[in-house]
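S.K.: Sequence:
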Amino acid sequence: MSQPVYKILAEAALEAAKSEGRIMGTGDDLRDGFIHLSAGHQVAETLAKHYGGQEDLLLLTVDAERLGPGLKWEESRGGDLFPHLYGPLPLDAIVSVDALELDDDARHILPDGVAA
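So in this note's numbering, spot 44 of the sequence shown is number 44, and the numbers just go up one at a time.
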């Protein structure tokens with residue numbers, strides 16, 4: 001597997017997607033026309049900017065190679081390239097799922113192996 005990409009998702013959204021075998025995206029994803037993903041070095045900033053203090057979140061580790069040509073790296077925040085998936089995220093592309101706990105300052109604790 002090449003470098004993975006990551007999806008931040010509410011627990012309830014993953015449960016809902018299980019019956020379809022794919023994730024269609026969050027409200028923000030549907031509005032923007034693609035599923036927002038992050039590279040490892042982008043996860044902490046994405047959490048702080050968009051999900052600060054939010055509980056019941058999961059970090060999905062996704063095998064980028066299994067996403068096919070719908071995965072595009074596009075310029076976003078500060079000129080950094082972010083992975084965007086044009087199409088559904090198949091559940092069989094998910095390598096692991098980690099619950100994101102909060103520390104005493106309401107910051108998310110990243111799983112081992114995800115760049116901070």
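To be clear, the hints were calculated from the coordinates, so they are not data collected in a lab.
Hints are supplied without guarantee of correctness; some may be wrong.
[What the hints assert, rightly or not] Here are the simulated distance ranges between beta carbons:
#1 21 with 105: 36 to 46 Å
#2 111 with 21: 19 to 29 Å
#3 33 with 112: 12 to 22 Å
#4 55 with 27: 16 to 26 Å
#5 16 with 78: 14 to 24 Å
#6 104 with 30: 17 to 27 Å
#7 21 with 104: 30 to 40 Å
#8 107 with 21: 31 to 41 Å
#9 52 with 111: 16 to 26 Å
#10 78 with 51: 11 to 21 Å
#11 28 with 107: 26 to 36 Å
#12 54 with 22: 18 to 28 Å
For each residue, glycine too, the CB sits at the ideal point set by N, CA and C.
S.K.: Each hint should be assessed against the structure and marked as holding or not.
M.R.: Hint-by-hint comparison with the structure:
1. 21 with 105: 36 to 46 Å: holds (37 Å)
2. 111 with 21: 19 to 29 Å: Holds: the Cβ-Cβ distance is about 24 Å, inside 19 to 29 Å.
3. 33 with 112: 12 to 22 Å: Violated: the Cβ-Cβ distance is about 33 Å, outside 12 to 22 Å.
4. 55 with 27: 16 to 26 Å: With Cβ atoms ~18 Å apart, the hint holds.
5. 16 with 78: 14 to 24 Å: violated (32 Å)
6. 104 with 30: 17 to 27 Å: violated (34 Å)
7. 21 with 104: 30 to 40 Å: Roughly 38 Å apart at Cβ, these two residues keep to the hinted range, so it holds.
8. 107 with 21: 31 to 41 Å: holds (33 Å)
9. 52 with 111: 16 to 26 Å: holds (18 Å)
10. 78 with 51: 11 to 21 Å: holds (18 Å)
11. 28 with 107: 26 to 36 Å: Distance hint for residue 28, residue 107 is violated at roughly 21 Å.
12. 54 with 22: 18 to 28 Å: Between residue 54 and residue 22, where Cβ atoms are some 23 Å apart, the hint holds.
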